[in-house]
Amino acid sequence: MSEQVWLELVAHAYDGLPDEACGLLAGADAEGDDAEVVRFVPTANADHSAKTYSIDGRELLAVERALEGDGLVIVGVAHSHTHTEAYPSPTDIAQAELLGPWHFVIVSLKRPEASARSYRIVEGHVVEEPVVLVDR
Amino acid sequence: MPVSVRIPTVMRPNTGGESKVEVVGGTVGSVVDELVERYPGLSTHLRAADGGLHKFVNVYVNDEDIRYLDKLETKLAEGDEIAILPAVAGGA
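Line by line, the protein sequences are chains A and B. For the first sequence, counting from 1, position 33 maps to 33 in our numbering; every step adds exactly one. For the second sequence, counting from 1, position 71 maps to 71 in our numbering; every step adds exactly one.
I should point out that these hints are in silico values taken from the structure, not numbers from a laboratory. Check the hints yourself; a few may be wrong.
[Stated by the list, open to error] Chain B side only, calculated, beta carbon under 8 Å to chain A, not exhaustive: (1) Val10; (2) Val21; (3) Glu22; (4) Tyr39; (5) Pro40; (6) Ser43; (7) Ala48; (8) Ala49; (9) Asn62; (10) Asp70; (11) Ala77; (12) Gly79.
[As the list claims (entries may be wrong)] Negatives, chain B to chain A, calculated, CB over 10 Å: (13) Met11; (14) Gly26; (15) Glu37; (16) Gly52; (17) Val57; (18) Asp80; (19) Pro86; (20) Ala92.
Quick reminder that beta carbons are idealized off the backbone N, C-alpha and C, glycines included.
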């Protein structure tokens, strides 16, 4: 992802406090192991909770449609952990059942400086992948 | 009753990449049956063990959530737009 996307992601995580914040990661294609996130689309946390998040289906649909018009697809989802490490929780893993192709970026706000890690979650198995900032 | 069904990106590997498919069905349930028949790979995405809808799947008819309509019994009219979406959620 670009530094711009990264800054938007972290800003949205802070904006969401005290609740968890979430948003969708858009890229040119959803195939392959690596994904270049070209746009971060902030979404509302429909749970309004510091412990869980969900994206309303209607908002998800609107985002999918809007991205399609720009030739982009959703390649993943990002959410914040307000007081814990950037590692998928049991809830994150269970909820990922149908989201195998997606990349899961978790932003931790536990420390003064935000940090992020990214994962694939396939059939209950969590595999970390590097987050690389690129110049565009 | 021909209706169009929008397939979410996460399920497109099971529809040969198709994002929109035309299906004939009088209710949402019959459309799901038809989809699974045509694309057997969708079965584990759409169906729960008890034959109902998978708990992490949401279905919208003309942007209305079927949970607030008649669920799988929701009747369809020609040209209705059905959207299948994965539930996107998690927690710390």
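Consistency of the hints with the structure:
| no. | hint | verdict |
| --- | --- | --- |
| 1 | Val10 | holds, 5 Å |
| 2 | Val21 | violated, 15 Å |
| 3 | Glu22 | violated, 18 Å |
| 4 | Tyr39 | violated, 15 Å |
| 5 | Pro40 | violated, 16 Å |
| 6 | Ser43 | violated, 12 Å |
| 7 | Ala48 | violated, 11 Å |
| 8 | Ala49 | violated, 13 Å |
| 9 | Asn62 | violated, 11 Å |
| 10 | Asp70 | violated, 17 Å |
| 11 | Ala77 | violated, 20 Å |
| 12 | Gly79 | violated, 17 Å |
| 13 | Met11 | violated, 8 Å |
| 14 | Gly26 | holds, 23 Å |
| 15 | Glu37 | holds, 20 Å |
| 16 | Gly52 | holds, 15 Å |
| 17 | Val57 | violated, 7 Å |
| 18 | Asp80 | holds, 15 Å |
| 19 | Pro86 | violated, 4 Å |
| 20 | Ala92 | violated, 5 Å |
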